[in-house]
Amino acid sequence: MSPRGRADLSPRGDFSPARLRLADVRVKGWGIVAGMKRRLALACAVVLVEGGCQNMPEAYAPPLQRPAVENFHPYRMQAIVSMSDDDAQTHFVQDITSLATSSWRWTGKKPTVRVKARTGADLRYTIDFVLPEKHFRETGPVNIAFLVNDRVLDRAHYGTAGNQHFEKAIPEGWVIAGQDITVGAEVDKVSADLGIVLARIGITQ
Amino acid sequence: MRQAAAALFGAGFTVAACYAAGTIVIDRLGAVLRRDERIPLAFVLGAACLHLVIFAILVLHIGYWPVFVAALAGIIGISLRGTAAQSSKAAPPLSWPLRVVFGLCAGAFSILYLVNAWAPEASPDGSGYHLGFVARELRDHGFQPITTNLYAMLSEGVEMLYVPAFAIGRHSAAALVHFAFAIALALAVLAYGRRIGKPWAGAAGALLTFASPVVGASGSAAYVDVATAAIVFAVFYWAEIWDEQKEMRLLIPLGLLAGYAYAAKYTAFTIGIYALGFVAWRSKRLRPVLLVAGCALITAGPWMARNWIWYQNPLAPFGNWLFRNPYIHIIFEHGYSALLRTYYMPSLWPLPLEVTVRGGFTYGIIGPAFLVLPAALVALRYQAGRRLLLAGALVFSTYFANIGTRFLIPCLPFFSLAIGLAFAESVPLLGAMMVFHAVASWPPVMKRYVNLNCWRLVRFPYKAALRITPPEKFLMENDYGYAGARLIEEHVPKGEPVLTMTGVADSYTTHEVLVSFQSAGNQALADTVNMGWDVELQPRLQRVFRFEARPARRMRVLQTAQAAYPEQWNVHELRFYYQGKELVRNSSWRLRAWPNPWEVQFAFDNSLATRWRSGEVAFPGMYLDADFGSEQMMDEVRLVTSTDFEKIRLRVESMNSSNVWEYVAENPKLEAGTIPAAIRLMAISEMRERGVRNLLIYDSNYGAAEFAKDPEAWGLKLVARGEDTRLYRTIW
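Protein chains in written order, with this note's numbering: chain A, 1017 to 1221; chain B, 40 to 771.
Only chain B is shown next, with the shape it has when bound in the complex:
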């Protein structure tokens, strides 16, 4: 029960501080808002400001809970001494039918979401990386560069608010903060409808968004999608307020929020374009645009700067072809992006039905009521409708980069309001639509028509929320990654990392979990480990170039063919020979590779369990280059490779005294390589060399049986066994 109370307090304290920060800024700016819009807008604007405060605390490495409490209490204190009530005015009252329909429907969903958010955090990404990094930042009392997890490179605008909440009330407090964003979003949409004199449209828009099943699933977990939607809509709202009042100072919250949208989720950057375009169009001056851009830079800039300094890429983990870095392989980004564009859907034609009714591929639905979305075009007859649809279309424009249903959440408020406006003249129809949407989105009804894999709320876990059901039990039953995390926590020596092929609930372990695909380093490590059992990856081939003996100071192997995804060029070892004897590598050699120069040593370490990989689809011009420091006689170049590439064409070149590359040989002779009997031991030895002694394998992972059959052949010992996992540790 104490945990439950702490979660509520942590969330409440953080939300109060956000609201307080927002009211301070609004009052300082002298913005005139109605009372119903002041609450959500102040909260979201305050969140943008508070996130910068938390960012600064973590940069300074003073992230101790008393510091957070002092910062939040200070903000609340300043706000209480201010003139909070002066700038607000009353809104016209809502009709009683609207209050009944909206109140009953939204009230029921609020309770459902509240209880789910309050229960122990069991969502995959919430208990995984969103709160995993929050927990780590709190352990470290500040930011640390994390180069082993691509998700650490995403901006954490919303997670910054989870930091103080988590420090006080742990996981559920963070989820409750997100739930507060869901409430704020609904209130803001409702308020906007009232602002434009269409309260029923506002209520319909608010309910269509709020009761949308994917909003419920995300908004009651420690995700960031609903918060992003609230921020994006707040940008639109402030643009409208500025347009009405034409006060230059109102562009400050507009800019801050536009930047904060990027800080919350990269894909929301388009609302910044809307803000800049709208201000440019309505003011016809450069200064207001520059003010918006400058303020946006205040909230978005720190994240870009962090990424540029730490990860050599301001857009990390994307844009790696432009900002090359050692942390993400370009071919991974290529494949991952392609996956996000399809989610394994054979065709995108059924996508409208998938995201509204089925939800099996794209994880979640927005609800069948959104099938009437084309009718929203009727709203174009209103000025507000045109603006809503334009903003919504801009926010929607990034959707096809990731067709997961929750990536629709940020454009839902715009499209919901547009639907509301389209039917604004027919109140009974709107009321019926609201009731239909609420009923169709209610979990027991939903389960009758959605796909079994559809991500949605399926429980009303009030006992878990109140901690009557022990959190451990609840999480074991509901969080797939929890058991793995606990296995690690209980059996791995403190401070040691763990390599795994499948992610775990990071936030429930204090260990660094290296998931095979989450960084270039992890991929190289997993490639090595998997080499123990996957014959495709093993050094089964030697490509031998023999030529007339010649002196050379520098030699390279050039790749000349264009391959197709996912074929890359891989080299286990590159060796040079003279009269059958290998040239001994020494420290005066200098090795280069293009692309992926950072891993070139893998081709020169004398280990058949490691390999240099191009990290990109093979293209002409790739090379491996060795500068021997002085002229060496040689008559043979030998590449030890795997067989998992076919289109590669290779040529050996030598650099002459004029620093020009000269042709030496091509069309290598193929010879069978010898797989060392100890390849498994060599693979694990490499893993240990890189400071990793623990390996978590799920029974469902490829190769799991090979580890389980004879761990000692790998130099491993089974340390612990979960229901579907095995934890191994190196014997030595």
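Okay, chain A solo, but in the shape it has when bound:
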């Protein structure tokens, strides 16, 4: 098999390393056994020939070519904090509580996380959260402002409970490559100091 397991084997190889080695081995082998009895010599020859009988590849075609260095972008940048991440807490800035399961956390009024982006181009704000039915009955419809570096990217009105997703492009110049970015949301109404149930928040490219 090729290193990547996808190369062609040439059926027309006219020169094989395996054959070369076999020839070498035969010559050397005969020199070694010249003075021995014929039966022993034959046995030695069989062993040596078997040693040369290996499944050597004939030739490979060039593999898929990797992108040139200057165009090397194997993935789109993603700086999202999932509440299920082991290191999620290291990104918290404010208002994300310890009321949680392994995949979500209750927030306060203005949950905010800190992330870093290696580029400022083509970024999108993204958040997944839940407005739980029971909690929603107490707060009623809510307005949420979505924030990047404390600037309001957009506002949305939520009149029903349930799973929510919000995503929007971040204008050029709001984010400076390589610097810390705060990404957050601000709920206009809370109940018992609790705002939303947060699953993930951050920026993607």
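Treat the hints with care, as some may be off.
Stated by the list, open to error - Only some residues are given here: those of chain A computed to face chain B with a beta carbon under 10 Å:
1) 1072
2) 1085
3) 1103
4) 1154
5) 1156
Source of the hints: derived by calculation from the structure; they are not laboratory data. All C-beta atoms in this analysis are idealised placements derived from N, C-alpha and C, irrespective of residue type, glycine included.
Position chain B relative to chain A; hints supplied.
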């Protein structure tokens, strides 16, 4: 507690099936054995037979626990219906002083070993590869070729017995099976002493072997060394029985066990030579020799065949220079073998003291009592002594290929008995030696004189054995690789492999763990990943050949110098140019390399994070060869390389119309290469291309800080953190 009971039952059931299989064969052969020798010999012979049954089950991919239970129960059932007692006769009784000295000493060590074997398996190799493969075979319900781990290529003669035990009682059951071999070995040595009329020599031999610290450490873990010793000694024993009774049929167990010794551990093959030589010498006929060889082939042959079919090398993972294959680099075998011959010891002169008293380099000691080994030569005055020393010397002859102390275990019974025979006329001296050895090998005494790194039993973990101490807690405290294995198990998506630079306890994870050095593929992958931080591996140099423009259908770069270990020839990219423009690679090209033809594409993939490596110390005649399919004009050949080789000398050649290579250019101009800013990202991208998204790095690994400092620069995200490990996953 249920786990503890299951472990005992799994082991007991397997051991009973081994014994039953042995008694069936012994009774069918009509072999006349004494009762004291029948038990250990039947068990070991049965193990050889049962291992073939398990092998067949795994080849057929019907490795479900009901199948194992049915097979084992069937064997036990057949044996119970047989004539077990007919062929055994009583042995003369042992004197009471012997019973007291031997019973007390051996009894204390038996309890110590039993408790350690019963506790959760925490030994490095036991919880690593020995049971790692057993667990995998059970998950797969059969054998699968594993080309990413050289240890998978070793024969698994003893591990086959661990399969049913593990299926029932998990890890500890396997260790308890090995413990049973330790008991069988001691009983066999004791019985042999009685057979030759020297019961004190037998008792001394048995205790010297059994209480040896390295035997205790290995024999109470899921290793295979003590089992190998039992098998090797059983070969010797059956040879003696055959020599006494001269029944042709007795050569069948002799041959089966000689082959099984190879199946248990390659280095034990020499006992097969002893068996063949002994039979040839004593019978002076070819037929008995052929019978032994044929029977040996039955038990050893399946492993050779498996390796030849799957790994293109019947001797895998060794002998790769003879049976070249894509799975093990020859230079790795070269370096690994050299390491095993020294274990970093500056000189081998202190080796006798190292393996008897210190044990820091070679991991374990056989005990200070073995310092009297030269006196064993006195046993040459007995016929039995001469045979024991000859067999022991043959088994010992492979020791210098791996000087780890546990590689002495297979010759211990022979040398122990020879020591016993040498002092056979002085019973008080033998008794004193036995007591001295027992005291010196007792863990609290041992720790006063051995090196801190000496591998030995240090606990009496009865609470862990009974599962009063939770296994998780015990393993976290005692198994270095356990935490890494659990980190992988808990955080890596099901079925995904993990690359790591240091091994983990494979048997405690269901994931495939690719350890950097354990196969050619892993080495290439680790080489790529390490290229992200190790400047020595990065493409910092370009070797440029410029020549008069010429048409060529086929070009090669030939290496003409002889280097020394560990220098190999490495090429990141090989490019061809005409008038400053690179020839575009297309699918009609055909690429060849010698040696290591399997990785030639790494030099033609346009990635500066991969490189073709010769996989051998550079020698004249190595080449990289490109056939363009049609004539192409060119005036420049450029190799992008690292700087980690110096003695390489290169020459460009072109094939003419008569298929003869012609000189084109040599002495390339050296130009500085440009390291791409995204080299780390490129390295991880390559890792992902090869289907690996997870990377486990120990804080002690070279380059660990580079990953930890800025994972995103690599395209990685820290997924979980252990006490001394970090688990990363590709971001995309």
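Consistency of the hints with the structure:
1. Checking residue 1072 (chain A) against chain B: minimum C-beta separation of about 6 Å stays under 10 Å; hint holds.
2. At about 4 Å, the closest approach between the beta carbon of residue 1085 (chain A) and any beta carbon in chain B falls short of 10 Å, and the interface hint on this residue holds.
3. The interface hint given for residue 1103 (chain A) holds, since its Cβ lies 6 Å from the closest Cβ of chain B, which is under the 10 Å cut-off.
4. The restraint placing residue 1154 (chain A) at the interface with chain B is violated, with a minimum CB-CB distance near 37 Å, outside the 10 Å limit.
5. A hinted interface residue such as residue 1156 (chain A) counts as satisfied when its beta carbon comes closer than 10 Å to some beta carbon of chain B; here the least separation is about 38 Å, so the hint is violated.
Hint compliance for this structure: hints 4 and 5 are broken, all remaining hints hold.
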